[in-house]
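Chemist: My request is simple: use the sequences and hints to build the entire structure.
Protein sequence lines, in the order shown, are assigned to chains H, C, W and G.
Under this note's numbering, residue 252 is the last one in the first sequence; the count climbs by one each step, no gaps.
Under this note's numbering, residue 252 is the last one in the second sequence; the count climbs by one each step, no gaps.
Under this note's numbering, residue 252 is the last one in the third sequence; the count climbs by one each step, no gaps.
Under this note's numbering, residue 252 is the last one in the fourth sequence; the count climbs by one each step, no gaps.
Please keep in mind that the hints were generated in silico from the structure rather than gathered at the bench.
Hints should not be assumed to be uniformly reliable.
You can't tell identical chains apart in this list, so a pair holds if it fits in one copy or across any two.
Restricting the straight-line Cα-Cα distance to at most 35 Å, the calculated cross-link-like pairs of lysine-lysine (DSBU-like) are [stated by the list, open to error]:
hint, residue 1, residue 2
1, 220, 168
2, 247, 177
3, 165, 220
4, 249, 230
5, 230, 247
6, 220, 249
7, 247, 220
8, 230, 165
9, 230, 177
10, 168, 230
4 protein chains.
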Amino acid sequence: MIERRTFLTALASIFALERIGRAQQTPAPDDVIADLVAANHILAMENVLDAMGHVSVRHPARPDRFLLARSMPPELVTAADILELDFDANPVDARGRTSYLERFIHSEIYRARRDVNAIVHCHAPSLIPFADSDVPLRAMYHMAAFIADGVPVFDIRQAAGITDLLVRDAKLGKALAASLGNKSAALMRHHGAVVVATSIPNVVGRSVYLDVNARVQIQTMSLGGKFTSVDPAEAKLRMTDPNEYARAWELWKRKVTR
Amino acid sequence: MIERRTFLTALASIFALERIGRAQQTPAPDDVIADLVAANHILAMENVLDAMGHVSVRHPARPDRFLLARSMPPELVTAADILELDFDANPVDARGRTSYLERFIHSEIYRARRDVNAIVHCHAPSLIPFADSDVPLRAMYHMAAFIADGVPVFDIRQAAGITDLLVRDAKLGKALAASLGNKSAALMRHHGAVVVATSIPNVVGRSVYLDVNARVQIQTMSLGGKFTSVDPAEAKLRMTDPNEYARAWELWKRKVTR
Amino acid sequence: MIERRTFLTALASIFALERIGRAQQTPAPDDVIADLVAANHILAMENVLDAMGHVSVRHPARPDRFLLARSMPPELVTAADILELDFDANPVDARGRTSYLERFIHSEIYRARRDVNAIVHCHAPSLIPFADSDVPLRAMYHMAAFIADGVPVFDIRQAAGITDLLVRDAKLGKALAASLGNKSAALMRHHGAVVVATSIPNVVGRSVYLDVNARVQIQTMSLGGKFTSVDPAEAKLRMTDPNEYARAWELWKRKVTR
Amino acid sequence: MIERRTFLTALASIFALERIGRAQQTPAPDDVIADLVAANHILAMENVLDAMGHVSVRHPARPDRFLLARSMPPELVTAADILELDFDANPVDARGRTSYLERFIHSEIYRARRDVNAIVHCHAPSLIPFADSDVPLRAMYHMAAFIADGVPVFDIRQAAGITDLLVRDAKLGKALAASLGNKSAALMRHHGAVVVATSIPNVVGRSVYLDVNARVQIQTMSLGGKFTSVDPAEAKLRMTDPNEYARAWELWKRKVTR
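Modeler: Rendered as C-alpha cells:
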C-alpha cells in the first residue's frame, strides 16, 4: 500500500510539475488584446512613452491577473508579445519571453485597487518638473479634471533609501501603491509617473491629457500671474462619464491601425 | 361637426409629426460643405483641435441655421457627417447621428451675432494659460491683430456656479455669447476658447494665429522685459481685407486634400 | 512737317508701349531659379516661413533686378512662379501674376546694400519676442555668430505713424533698409524679421539658425542665471567661410527635392 | 658608393610615399560600420544632430584609431562614407574624401580616455543655455543619471583666447579632453557638447537623454520652486547595466532601417 501511495504521490508530483510547466494563460478576449496593443502604439505616437514605460490591463476573466507586454519598446508590441502575469508579477507562461523589470508597479496597484483596470507607467518629460520639485501638479483644464484631488509624489528614497530608482520588487511596488492611495495618478521623483483608470481607453486618455495639462501648467506659471485650477466639485461633475475619452480613443485607434 | 373637427385636428397633427419626421436639411452648396470638412482637417493638422472641439458655418441659405459635424473627431469628418442645426441647437435631420454636446456654443453665438458666419470651439493648450490666469492675452503681431481690442474670459462659474465646465444648454451658450460680446474671440476658464469670423477661411486663420500668438506672448513674457502689443488703431487698418487669410487657406486646403 | 513729326512721335509711342508690353525677363540661370524654388521649400520645411513671408535673390545678370515668387505660399512655389522685379518693385513681365504686397522690402534693401544678394522676410514666432520687447537678440552660439554685432529693431510707427504694419511702399522699404543699416538681420516690431546674405544658401542658413538662436536665448534667459554671447571678435573669425552653410544646404536641398 | 646610397635612399623614399599612398584601412566588422551609420541616422531623427555634428566609434581592432564619417550631414551617411582616422586625426585612406574640421575632438578624447569607445559631438539647442550661462546642468531623472557627477563647461577662450570657436587642431582637442576629464559629457560654450560612452548604443542613448534632461531642467526651473536632482549614489547604482540603452537602441535602429 505504501508503495502504491508513494507511486501515486510521485505521479501526482510529476503531473503538478507538468501543470506548472504547461501553465496556460487564461484566454483573454481578442478585443482586449487588440486594445492593449493599440494602447502601446497610441502612447508612443502621442509621446507619452518613448522606448521605455509600459501599459497594462487587468485580465477580464481573472481579476487576480493582468496583461502586459514582454520587455520591449511599446511602439513595436504585437499580440504575440502580451504576457499574463499574476500578483507576484510572475508571467504565467513566459515561454522565454522576458518581463519588464518594473512590472511590480502593476501587480501591486492591481492588488491594492479593485477599481483599477488599467495602468500606465511613463517617463513623460513634462511630468518630471513636478516630480522633482515642490510645485504641485494641478488640474488646469477639464480634460485633466481627474487630478483635481491632487497628485501625490512617490519618493523612493523615503521608502528604501539609496536605490537605482527603479521599482524592481514587490516591496517597492507596495510603497508606490501606498503613495498613490485612492488617487488617479502619482508622480515618481527623478523617474516619471503612474496613471490608473477603469479601462484601457480611459488610462490612455488620462495619460495623454496629464501630459498636456503639465505643459499647460508650466506655461501658465511662466506668465507670473495668479491662476486657478479646476475645483474638485467641478471635477466630480465632469468625471461622471465612464467613457470619458471615447472620442479621442476612436481617433487614436484609427490612426495606429491605419 | 365635433367629430369632423377632431378628425381634422388629428389628421393635421399626424401631418405635422410627419413633417417633423421628414424634416429635410436645406441643401447647402457643395463648396461650403467641402470647406467645412477641410476646416475640420486643417484645424486638426495645425493642432488647434485634437480629438475634441468643433467648427461650424452659418447656413448660406438659412441664416437661422448652421452646419456642424456630428459628434466625432474633426480629423475624421466627411461630408456625410455634416448636420444642419437650428438655433435651438437641434439637428434638423439627424438620422441617428449624435450632435456635439456643446453645440449651444454655436447656436447662441449665431443668434447673438449677425456678423458672424463661422465659429471654432477649441482647447488649444497655448490658450489655457490666459484662460486660467489673470494675464490678459494680447495681440503680439499682425497676423493676430484681430484681438487688439481684447479677449474676454468666460468664467462659467460666474454664470452658473459649480458645473461640469461644459456649455451643455442654451442658457450657458447665451452666457458665453454675452461674455464674447462684439469681440472676435473669448477664452473659457479651465476649458478653451471660441473664435468667430465672417467666413470659414477667416475663422480657421484666426484660430491658427491665435494659437501662434499665445505662444509668442508666453515666450515674450518669459524674457522678463517690457513689451508692447499691436495698437487697436493699427489693428483696424490691418484688418480691412475680407480675405485676410486667403493665402494660408490656399496652402492648408491643398495640404489636407492631397 | 508737323504732321510727319506727329506721326513719328505717335509711332514712337506705340513702339515704346509695345516694348513695355513685351518687356522680357532677363534670362536667369536655371540653377539659380532651382535654388530659389528650393529655398522657398526649405524655409517652409524648417518652419521659418508658413503660408506667409518670402525669399528673393538678386538677378545674377542684372544687379538692378531681383527674383521673387509671385504672391503665393512659399511651400507651393515652382519655377514658373518666379518673377523678375526692378528696383521700383515692379515685375518686368508679370503676365497676370500678382506680386507680394511687401516686395518693397526686397527692392529697397538691394538698392541700399550692394553686398547683399539674397533676402528673407519671415514671421518666425521665435523672433517676435525680441521684436516686441526691449530685450535685444544676441548671438548664443556659433552657427548664429553673424548677429554678434547686433540686431536692430525696425519700428514702423517711428517711420510712418499708425499703419497697417505692412511694408507696402518704397518709402517704408527705405525706412526698413535704413534701420537694417550694414547689419545681417533686422527685427520688425509686431511683424517679423528680415535676413540678408551673400547667397541663397547663406540667407537660408542664417534664417534657420536665427530661429534656433532665438529659441536658445529664450530658454537661456528663463534659467535666470548670468549668460554670455559670442564676442564680435570671435564672430568675425567664425564668419570667414563664404560657404558657411554649405553642408546644411546640401542636406536641406536633398530633402525638399526627394 | 655615394651614388648607390643616394639611389637606395631615393628608392626607399619612393616606397615610403607609396606605402603612405596605399595605406589601407584596417577592416572593421560590418556590424560596427552598420551601427555607426545607424547612429548617424538616429541622432538626426532624434534632433540631437542637424546637418552639423558627428558621431565616432573606436576601431575594434585598432584601439589607436577610430571610425568617423567624411565631412557631410549625418542624416545622409552611408557605409561608404566612413573613414578610419589615427590619433593625429589624419584619415588613413581618404581617397579624396574630406574629414570633419573638428575631428580633433574625437582623436584627443580617445587618446586621453581608454574607457571611451564612442563619442558624439552635437549642437543640440537644449544644451546651449547651460553652456552659455552659469547654471549647471543636473541629472533630472534616471535615464540621464550618468551626469549626476556633473557636466563641466569647456570655454575655448580660456584655452586659446579669441578663436572661431571651433576645435580645429590637436591643441584645442587636448584642451577639450582635459575639460571633460573623467566625466561622461562636457558642454562647449557658445557651441554645443561632447558625450562619451563605452559603445555606440550607449553614446546615442546618452545623447538623446541628455537633450531630454536639459529640456526637463529648463522647464523645472521655470516653475520657480525648489527642486532636487539624482543623487550620485543613486546614479552609481542606476548605471551598472553595460547595455543601459539596449531597448531604446532596438527601437531606434528599427526605425532608421525601415
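Chemist: Are the hints correct? Go through all of them and say.
Modeler: Now for the hints, and whether the structure bears them out:
1. 220 with 168: Between. Shortest inter-copy distance 28 Å satisfies the 35 Å Cα cut-off; intra-copy 37 Å does not.
2. 247 with 177: within (27 Å within a copy, 38 Å between copies)
3. 165 with 220: Answer is between: at 29 Å across copies they meet the 35 Å cutoff, but 41 Å inside does not.
4. 249 with 230: within (31 Å within a copy, 41 Å between copies)
5. 230 with 247: within (27 Å within a copy, 40 Å between copies)
6. 220 with 249: neither (38 Å within a copy, 40 Å between copies)
7. 247 with 220: Answer is neither; intra-copy 38 Å and inter-copy 40 Å both fail.
8. 230 with 165: both (33 Å within a copy, 21 Å between copies)
9. 230 with 177: both (13 Å within a copy, 32 Å between copies)
10. 168 with 230: Both ways: residue 168 and residue 230 sit 27 Å apart in one copy and 24 Å across, limit 35 Å.
Checked against the numbered hints above, the structure violates hints 6 and 7; every other hint is satisfied.
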